[in-house]
Amino acid sequence: GQSLEQPSEVTAVEGAIVQINCTYQTSGFYGLSWYQQHDGGAPTFLSYNALDGLEETGRFSSFLSRSDSYGYLLLQELQMKDSASYFCAATSSGGYNKLIFGAGTRLAVHP
Amino acid sequence: DAGVIQSPRHEVTEMGQEVTLRCKPISGHDYLFWYRQTMMRGLELLIYFNNNVPIDDSGMPEDRFSAKMPNASFSTLKIQPSEPRDSAVYFCASSPNWEETQYFGPGTRLLVL
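Same order as they appear, the protein sequences are chains A and B.
Using this note's numbering, you'd call the opening residue of the first sequence number 1 and step up by one each time.
Using this note's numbering, you'd call the opening residue of the second sequence number 112 and step up by one each time.
Hints are computed from structural coordinates only; laboratory data are not their basis.
Don't be surprised by glycine CBs; every beta carbon is placed ideally from N, CA and C.
Some clues are possibly wrong.
[To be verified] Computed footprint of chain B on chain A; a stretch qualifies when at least three of its residues, placed anywhere within it, have a C-beta under 8 Å from a C-beta of chain B: (1) 54–65; (2) 98–106.
[As the list claims (entries may be wrong)] Here are the computed distance ranges between Cβ atoms for each label pair: (3) B:Thr187 to A:Asp68: 36 to 46 Å; (4) A:Thr44 to B:Lys179: 23 to 33 Å; (5) A:Leu54 to B:Leu222: 22 to 32 Å; (6) A:Glu55 to B:Gly114: 32 to 42 Å; (7) A:Glu9 to B:Leu222: 25 to 35 Å; (8) B:Met150 to A:Ile17: 22 to 32 Å; (9) B:Pro172 to A:Gly41: 19 to 29 Å; (10) A:Thr44 to B:Asp174: 49 to 59 Å; (11) A:Ala108 to B:Ser184: 34 to 44 Å; (12) A:Thr44 to B:Thr187: 37 to 47 Å; (13) A:His110 to B:Pro195: 33 to 43 Å; (14) B:Asn162 to A:Thr11: 36 to 46 Å.
Could you put the whole structure together from the sequences, leaning on the hints where they help?
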């Protein structure tokens, strides 16, 4: 089957750095995406890795290791507004954009 | 662009009634996805379309659910008859091609009593 595992909850303080890990087991894996969802809102795209290594987008970075079936999202200089749920999602290959989502990690940022 | 548009935003209905959810994707996007989100099951892909053609409906829970995309700018997800366990947030998303990010609509919050 296809599955992604990520921690259910993470807590951090403002200004800190937090890393949210994701391990995946999917057939025909093509790439790993990260989405953010605030309570009551819709998922919004953060980052995508198709190749091994680190992708940086402002305060957010995402990493992928295909050999380890592992990726992470790194959030730096945390702000209160970063409190949300973060989902990793695997894209399967084969020419079709099908995302399999993890269960999500709820990040709580405290003053 | 206005983004993905969904209607209604909220729907309360009684068990046994028919429910129709609507979605307008971003213009020019070739892919359209329907998801369901619940606390218990998380975010599940129900069905997706490429160029108005259903590609994978393996996530549709049962025959009570059906989805159509009559043209590039409109899709519906229908539940008939509805049951309390169908209560969830239903998201529609679109993307320009298979490798691009998906853009989600605001969702329809469905409550079946």
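*List of violated hint numbers, smallest to largest*: Numbers 1, 5, 6, 10, 12 - these are the hints that the structure violates, sorted from lowest upward.
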